[in-house]
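Chains as they are written, first to last, in our numbering: chain B, 1 to 208; chain F, 1 to 241.
There could be a bad hint or two in this list.
[Said to hold, decoys possible] Label pairs and their computed distance ranges (CB to CB):
(1) B/125 x F/155: 48 to 56 Å
(2) B/193 x F/178: 46 to 54 Å
(3) B/71 x F/51: 36 to 44 Å
(4) F/155 x B/155: 52 to 60 Å
(5) B/125 x F/211: 40 to 48 Å
(6) B/185 x F/178: 56 to 64 Å
(7) B/193 x F/23: 55 to 63 Å
(8) B/170 x F/214: 31 to 39 Å
(9) B/174 x F/60: 37 to 45 Å
(10) F/55 x B/27: 52 to 60 Å
(11) B/112 x F/214: 24 to 32 Å
[As the list claims (entries may be wrong)] These stretches of chain F come out as covered by chain B in the derived footprint (C-beta under 8 Å, 3 or more residues):
(12) 84-98
(13) 161-172
Read the hints as simulated data drawn from the structure, not as lab findings.
Remember, predicted model here, so these are calculated numbers, not experimental data.
Idealized CB from N, CA, C, for every residue including glycine.
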Amino acid sequence: MDSLVGFVGKNYVIMAGDTNAGRSIMRLKDDFDKLVPIDSHKILAKSGEIGDGNQFCNLIIRNVSLYRIRNETELTTKSVAHYTRRQLATAIRKNPYSVNLLLGGYDKKDQKGSLYYLDYLGSSKKINYGAQGYAALFVGSILDRFWKEDLDFEDGLELMKKCLREVEKRLIIGTRCFLIKMINSDGISVVEKVMINSEKKNEIEEEN
Amino acid sequence: MSYDRAITVFSPDGHLIQVEYALEAVKKGTTAVGVKGKEVLVLGVEKKSTAKLQDPRTVRKIVQIDDHICMTFAGLTADSRILINKARFECQSYKYYYEDPIGIEYITRYIAKTQQKYTQSVGVRPFGVSTLIVGYDSKGFPKLYQTDPSGNFSSWKASCIGRSEKPVKEFLEKNYVDEMDEEQTVRLTIQSLVEVVESGEKNIDIAIMRKNKPIEFLGRTRIAEIVKEFEEEKKRKEEED
Numbered sequence: 001m002d003s004l005v006g007f008v009g010k011n012y013v014i015m016a017g018d019t020n021a022g023r024s025i026m027r028l029k030d031d032f033d034k035l036v037p038i039d040s041h042k043i044l045a046k047s048g049e050i051g052d053g054n055q056f057c058n059l060i061i062r063n064v065s066l067y068r069i070r071n072e073t074e075l076t077t078k079s080v081a082h083y084t085r086r087q088l089a090t091a092i093r094k095n096p097y098s099v100n101l102l103l104g105g106y107d108k109k110d111q112k113g114s115l116y117y118l119d120y121l122g123s124s125k126k127i128n129y130g131a132q133g134y135a136a137l138f139v140g141s142i143l144d145r146f147w148k149e150d151l152d153f154e155d156g157l158e159l160m161k162k163c164l165r166e167v168e169k170r171l172i173i174g175t176r177c178f179l180i181k182m183i184n185s186d187g188i189s190v191v192e193k194v195m196i197n198s199e200k201k202n203e204i205e206e207e208n
Numbered sequence: 001m002s003y004d005r006a007i008t009v010f011s012p013d014g015h016l017i018q019v020e021y022a023l024e025a026v027k028k029g030t031t032a033v034g035v036k037g038k039e040v041l042v043l044g045v046e047k048k049s050t051a052k053l054q055d056p057r058t059v060r061k062i063v064q065i066d067d068h069i070c071m072t073f074a075g076l077t078a079d080s081r082i083l084i085n086k087a088r089f090e091c092q093s094y095k096y097y098y099e100d101p102i103g104i105e106y107i108t109r110y111i112a113k114t115q116q117k118y119t120q121s122v123g124v125r126p127f128g129v130s131t132l133i134v135g136y137d138s139k140g141f142p143k144l145y146q147t148d149p150s151g152n153f154s155s156w157k158a159s160c161i162g163r164s165e166k167p168v169k170e171f172l173e174k175n176y177v178d179e180m181d182e183e184q185t186v187r188l189t190i191q192s193l194v195e196v197v198e199s200g201e202k203n204i205d206i207a208i209m210r211k212n213k214p215i216e217f218l219g220r221t222r223i224a225e226i227v228k229e230f231e232e233e234k235k236r237k238e239e240e241d
């Protein structure tokens, strides 16, 4: 049900998530922020079971903070991805977390953004672009075709909106509202909260 | 029969001798001072003079426990590391459960509780450390707390721990004024240390904790400037007399 999309651009990472929180057929919340900041320059986008997502993200945030306080330095995105994956992998055969994640981060040292795909089984892969949830079915081909390395921000935002438009159009479940966030050297910023309405093409005429 | 072998034993006159010995260890440690101003907290420490070949930057006595809480200590450095580690973990643990940043009194109580535990457990000795903890409480007031090896803790306007505790405390009692601004608080802290620290301002570290701001360590040049101003003032006073 959740849709998460993300990709890496020129010195930034852009991520979007739908803002629905639901249970079976009911929409519980339509302003749910699924892009959780882990520290000043990293976002963990969560999808799946809401409770598990909350608990797991909380765990990661607290441990990343503890590392920062203890060592007076921040972890790199790669390290956080590895740590997160390790937590998921040890949990899967004991008390699994039903969460699939996209981890996006900007490292000041490399001056580059990076994106990681993590799932509840403990897989982890560094990717340039990707999605979680139903969005992945539609968005994969669009990004395959249009993603280029070092897209600047305007082009990146356009591409992201293209993806979200496709999700809105094709997913039978009403996912109209998306929250787009961006991470660059200045940190995390909310780009836009988009409401996407695909144009109604066919109108049904009422028979009198 | 000696009553200082195992810490779990009271002496006939009601003392826990091991805890008192721990306090002696603290009295051997380098001095640490904490001063509370109207809206600022300042910590000052005497740094142990490092050997020629040693990197002085690796000896840090003022540490951050959380984004909004700092502490320093006097006594056995290795023991303090354990306490600091536990405190850091507790801060994150609190935030994990309650989502709010930990309160200054809460963490002080925790550190004091830990120190007390080690005075009433099998096979362990007390921490040879007294700590000064600074931060802002939930209402936004600056707070300075002190703990000692017995597990006591109390809130102070200004306090000192370590080897020059007596003279510095006397100095603070004479010169402390309520509601000082940042400049006055920093000056008082530096002044109280300069008198007692051997080899002067190069061996002093000053840290300023402002509300909702990360801790700031005062630069070497600024400390030197302030110390110079004191010395000139002193000279002037002597010339007048």
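Hints and how they fare:
no.: 1; hint: B/125 x F/155: 48 to 56 Å; result: holds, 52 Å
no.: 2; hint: B/193 x F/178: 46 to 54 Å; result: holds, 49 Å
no.: 3; hint: B/71 x F/51: 36 to 44 Å; result: violated, 25 Å
no.: 4; hint: F/155 x B/155: 52 to 60 Å; result: holds, 57 Å
no.: 5; hint: B/125 x F/211: 40 to 48 Å; result: holds, 44 Å
no.: 6; hint: B/185 x F/178: 56 to 64 Å; result: violated, 44 Å
no.: 7; hint: B/193 x F/23: 55 to 63 Å; result: holds, 59 Å
no.: 8; hint: B/170 x F/214: 31 to 39 Å; result: violated, 47 Å
no.: 9; hint: B/174 x F/60: 37 to 45 Å; result: violated, 55 Å
no.: 10; hint: F/55 x B/27: 52 to 60 Å; result: holds, 59 Å
no.: 11; hint: B/112 x F/214: 24 to 32 Å; result: holds, 26 Å
no.: 12; hint: 84-98; result: holds (count 8)
no.: 13; hint: 161-172; result: violated (count 0)
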